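Protein chains in written order, with my numbering: chain S, 1 to 555; chain U, 556 to 842; chain G, 843 to 1390; chain D, 1391 to 1729.
The set of hints was computed from the structure by calculation and includes no laboratory data. Computed from a prediction, not measured in an experiment: that's the story for all the values here. Among the clues, some could well be false.
Stated by the list, open to error - In silico BS3-like links for lysine-lysine, alpha-carbon gap of 27 Å or less:
# : chain 1 : residue 1 : chain 2 : residue 2
1 : G       : LYS1029   : D       : LYS1426
2 : D       : LYS1509   : G       : LYS1033
3 : G       : LYS975    : G       : LYS1029
Residues per chain, in single letters:
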Amino acid sequence: MTEVTASERVSLGTDPDVPLLAVENLRVSFGGHEVVRGISFTAHPGRCLAIVGESGSGKSVTARTLVGLTGSGAHVRADRIELDGIDLTTQSERTWRAIRGRDIGFVLQDALGSLDQLRRVGDEVAEPLRVHGWGTRASRSRKAIELLGSMGVPEPAVKARQRPYELSGGLRQRALIASAIALDPKLIVADEPTTALDVTVQAQVLDLLAEAKAHGTSIILISHDLSVVARLADEVAVMRDGEVVEHGPVHQVLRRPRHAYTQALLDAIPSEHTRGTRLSRGGNVPQRSRRPVDRGRPVLEARHLTKVYRGPDRVDRTVVDDVSFELFGGETLGIVGESGSGKTTTARIALSLLAPTSGEVLLHGESWSTLPPRRRRPLRKRIGVVYQDPLNSFDPRWSVGRITIDALTMGNRPPSSRAEARERAVRLLEQVGLGDQHFDAAPLRLSGGQRQRVAIARALAPEPEVIVCDEPVSALDVSIQAQVLDLLTDLQDELGVSYLFISHDLGVIHHMSDRILVMKDGQVVESGTADDVFRRPQHPYTQRLLTALPRLVPA
Amino acid sequence: MSAASVSPAATRARLAAIRVQLRPATAASLLVVAFLAVAVIAPSVLTSGSPTTIDLQHTLLSPSFSHVFGTDDAGRDLYTRAVYGARESLGIGLGATGLAMAIAILLGFAAGLARGIVDAVLTRILEVAFAFPVLLLALLLIAIRGPSVATEIVAVGIGSAPGYARMVRGQVLHVRQAGYIESAVALGHGRWVVIRQHLFPNAIRPLVAVMTLGVGQSIVWASGLAFLGLGVAPPSPEWGALLDAGRDSITTSPWLEIMPGLVIVLVALAVTSLGRTLQHRLEGAAR
Amino acid sequence: MTRFTRARLVAVGSGALLFSSLLAGCGADAPATGAGAGTGTKVQGGTIIYGHEQEPPCLYGGWLQQAYIDRNILDSLVTEADDGSIKPWLATDWKVSDDGLTYTFTLKPGVKFTDGTALDAQAVADNFAYWEKGGNSTAQVSIDPYFASAKALDTTHLQVTLNKPYLPLLTMLTQGYFGIQSPTALKRSDKENCEQPIGSGAFKVKEWKHGQELILVKNPDYTSWPATAKHQGPAIVDEVDWKFLLDPVARYASLTTGESNVIYDVPTVNWKDAQAKFEVQQYITPGKPVSIYMNTIKGVFTDKLVRQAFAYGADRKSAVEAGFHGVIPYENNPSVSQSTPGYNPEVAKAYPYDTAKANQLLDQAGWTTRDSAGYRTKDGKQLEVRFAFPAGSVMTGEGSTVLQILQQQWKQVGFNVELIPETQAETFSGKYSSPDSYDAQPWYWTSPSAAILWIVWRPSTKDSPNYNNSSFYDNDELGTVIQQGNSAATTEEANKFYGQAQQIIQDNAAAVGLYTQTSSIAVAKNLHDVWLEKSQGEPVFSDAYFTK
Amino acid sequence: MTTAAEAADPAVPIPALSRAPSARSGVRAVRWGLVKLALAILVLVAAASVTFFAQLLVPGDRATTILNQQTGRAQLWSAADLAPVNHQFGFDRPLAVQYVDYVSGLFRGDLGTSYTQHKPVTEVIGAQIVPSLVLTVAALVTAWVLSLVVILVTVKRRRFVTAIGSTWEALTASLPPYWIGVVLLVVFAVELRVFPVIGGTGVAGTVLPVLTLALPLAGFLGQVTRDEFEKVLDQPFITTARTRGMSDTGVRLKHALRHSVLPAVTLSGWALGSLLSGAVIAENVFGRPGIGQVLVVAVNTRDVPTVSGIVLVVAGVYVIANLLVDLAYVLIDSRLRAS
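Bound conformation, chain S alone:
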């Protein structure tokens, strides 16, 4: 790769080939509101352009515009959109249909939702073939199996007859990519192709795209995740509020960002390097001195937790298998694992929302999970919870104020008057970075970060010693995630609360946790301090996880 000069336009200089796709001054607006504001870029054969941005940056709209599916009510203008010499700005729907799937393959995020659940995987993969009149029914189905095979799907003939929900997330994503490349398009647009995937699977999917790239396909990768981008892209365009704020070769943008926003985004990514620092508000500023962990008696203790479910087929499945841990005052215990590892079930057992099949949970050394519900209830104020999807955890009829006050009344010091309740609720909201103005708001009207703050305020209200955080930042944009993580750290320092912190994101876990449990298939495969586990992983699974982890800077 050659050096890049101070040009915003990737196509200049680097590649002698004619660009496959050229977009100039693209503007998209919905009902007068402009969401893409005059962006330009090119895509070249055998190369990958990444468009990075947070929600609302206009990256997805841009991707859809490239296949003429911006949506009804959209107003698209551009000086030029040219694919392989064809002017796309003036094409009829009929021409677009001929282009989609044949010349441009499109990979959406969330393979479960992006595949028709009611149809066979093979039919889904073969659909572009059928639509574009390729081959016969038999040859198409052979081709679909072949494509699945080439995507590394084991037993492709079997999988082709199954339906998407019968496949794992990784296989589904492969099927989706297989479908996108079925007609060997010159361009693949991949919109968040790895977002919902576990790290190990994520790595495999990125490898597949890299392979396509190596075969000369041009790729436009849409992502919110800079680490994913680092692994595949040749060039990066960073979008914010419909504009490209920075555009350049991947290493330059990621290592020497010129725009403050890019820098902030990079800073916000939690990782092993960010431990003990603040993620938000510019630069990795060191945290205030952290409160020491009280290594006396554990506030929460799990002993040999096991949970067995009997399925409708009368086969028992052990979801949590002999899990034990201790959580001390002021400490953060991270539980990391991929989907299905049993980490959420462990969290629900810890909260006594679910009874373990065997084993017990102690709160402050006292029996907790074995209590009858009536006696357990008064103790609940001592252990709070923050969920991944805060909106779902709020009664849709309740305002932020009511939610907070309801939680306050469950604490040790229930407010004695309406005025006091309101005052304390507002104080609590201020503590989590919200304020009086949010008191009467409906959670639905708040942003994702604000909602999670409300959830944290609610968890804090009864003044618990422990808060179970179940994937609390997984649904958030990276900059918001940084703020919420900072907030959690600040609160811990301030209040000395302990966190049982559950996440699939190794970076987040490393950033937050004092000690870590690595879970796989219901079992704890490795535990230890954060640094021990991450720097000197003992269990092969942990090692595999860490290898698969996409990094901004190659480790």
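Fit chains U, G and D to the known structure of chain S by using the hints.
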């Protein structure tokens, strides 16, 4: 675990859908309902006549300026009768739907909250109730109690209750899985508090729209009973009775049949349209 | 239920008064569809599609709906001519003993039922026994308590013995309920007798598609046509498809679209149209007209003055005209209709619409004060009339309109009339049959003879209560007078007593007249000689023929 | 206390992977079938029993009704008159005996004998069930076709078109049953003479009664399907299909339709049972035989065995319809096979 979970297009589409519902159809529906409300509360505002006044000099007049819906065999002004009939017809619609809902909520919640044997028994009862021909239920009830407004309410109400009960049960099962229920439990709230504060109001909420739809359907339904001669006693101008009275004349004095029919259709249409708008808005608000 | 059974629950009778003005060119003794008879050529064969209204549960029984069908498949002993005289049918001749107690019938020889059984005197005697045993309760009530026995003297001679002289006997026997069935067939199961009665008539049952139609086919061996028949010999058409078309709109429409050739019960709203396009026939059936029974033993109508005020208090004539669109005649005589032999026209002049008179009577009866709604009160009690009516059966929509008009007029004089529609289930179950359940109730009972007076007004005795008297009006004098009529030696004498009885009923306002029960048909112009027979007003198809 | 949240764990996915048919699953299927069958029979007998007793609750004496019905009168009868009737129909026996007799008859396939038609109820119903089923099924199919066409053509189109579609559905769902029947009759049979007035059971005569039932039903089906269809068209897999170059019609037919019909399928199961007995108005207007009419007449004449028998048959059809609905569910969405 997705960062950008809601596509902008989907959001816009939903907003657009709400806007569509708000436009002319909703406005017209509101107008009809407002008119209806006046007819129920103060029918004399809408017409100066009396629904029972006989005028044998002016029988079977076709619609004109002085009699916009025409007159019937006894010379009564059909428009006036339709206006005065609103009270009973709407009463039947509301009463029947209310009764159905009350039964449905009772049964639906019992079945939705109970487990094991109680749930199984209640579900079975609902099954039997469902398998029971609704028409027969009405026929038997009326055979027992004689035709009257109250009987029509009970007949239509009980007849439509099983359907709603199933809906309520489903709703309870659905809300039970909601995150906020678990959150409330995690906060230390007791079972009844959770049911009262969260489960009940949230399970009931979508039923408001369903109820609105039900009112329109009940009115239509009741008119069917009138056809079977199980309607209210004369000289009530209840709409089903008007429809029944006009049936023989459809080829000779069609307005006697067409006008009450249009009134029923219009009202049911307006109420249905409002109900569906409400339904969409509630759904939009819920998520 | 109502609409499907907008049935005429009771029989329609003889002595038909045809509205001759409606039937151009129709002679006094030619009540058939004579108008078009001259045009076109007569066709042998063909199928008549007849749109009837209600379907009975069984083809034979004591209900008018059954009599309609039975008239076409069963033959009776005697029949009635237009002038009310009795004519031969299965009986070619009969003799009445001087004491009026013994009737000797001579039967037409060689007649066979369609199952091959011989129709002899024993067969007829068996039928009498069958009726008396409850085989047909309407037949039974028509000859009780006069009938004593029937026995075969030889194959062609039958002797019927009475307990007391009963002048109307022969007239009563002309009703379709007295159709003679094969005794062999009667021994079959109830089901078979229900589905396929066997007679000697011009038609026999081919197939009954329940809920849809009854297919009658011609009896090719028919020999026993009545003296009133319009032609000699078996039926001219091959088949009659007797369709059950309950909906009046559909029924009339079927005729206008040509899907049917004849329909029964022409809707009054379509009457004018039907007159223009088809041959229409209307009968005013004899017997008790549709009149209002008033509960004389409980409630406000125990007071004769109040009953009379009720009769004066509404313009019944105008109401009937409006409700029935001027098609069905008003009848002010509550006990027998104008077409009944022995009708007393003087009685029909009583109780004209006179609100002053009504008010005066009510004042006199002590109902002097009025409440805020304008209804009269007495001792704090409102002048309330619970007016039950069999909705949809006796009282169709048109009848209901009449009642609603009357209700408004009665309100003017201070009656609070509460109209209570009865469902058919309620009607049949006797819910509105006891003195506690209503104050007034309209009803009719067709019968070819004024002897209906006895059936309805016979005073109750301890052993034999008369449940047919829905006014619960017991008057021994009335009972005596009617019996004198029944057992009179001559018609003139009988009619004198019957007239007297009508006067007593009217004077006491035991019932209030409303309108006549009628029976009507409309016939397509290419179909001729469909006629309504005299005893029941049943359509007769055996003489009918198409022209081309 | 067991709270709702503690009792169930929705977080655990039900693995649908191992569904290879095995001997064990075969046994399970048989057992499942037997349980279903037993429950179905229970429902049927319960429905018939409820009907049996409900009719005895109806005020008034059965023998009186029979006599009045036979004579076309409405009066009281003397004990002497009633006694033979009571004896003939067995009303003089204790109620419990009458009931046990009836129920044991049910298990022998004997639904009793009609009080009015004097023939086995099975025959009474047998003669009417075919036209009823034809009408009901034809109406259901027609309603489906109508509603799907409207859905495919109007959902998420230009605002005007969409509004027409949804208004059409609300309108048809609001049509009073008699009214629509008689209007169709007058317009198409009397004025235009396209169809016969006397429907009977012929094909041409079935069109209008079918429409009478199908139009409102199409409105209902359309309404529930429209909601689903709208939601489905927002799903990512629809976008995926479009990115493959699929046409709008193709997307609607191949993908969206299947996902949106489940609520309407459920509704159909109910509709089948309810139309079967509730078609009385259409039967009446168009002079069509059917068990709706028989039911109404039987209730009025207190023909207890006939009414109970019809309930049994309607409940049976309902149960079968719901089995078909379950089957349709699995055919449409194989995910539901596991549950």
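What hints, given by number in increasing order, does this structure fail?
Hint 1 alone not satisfied by this model.
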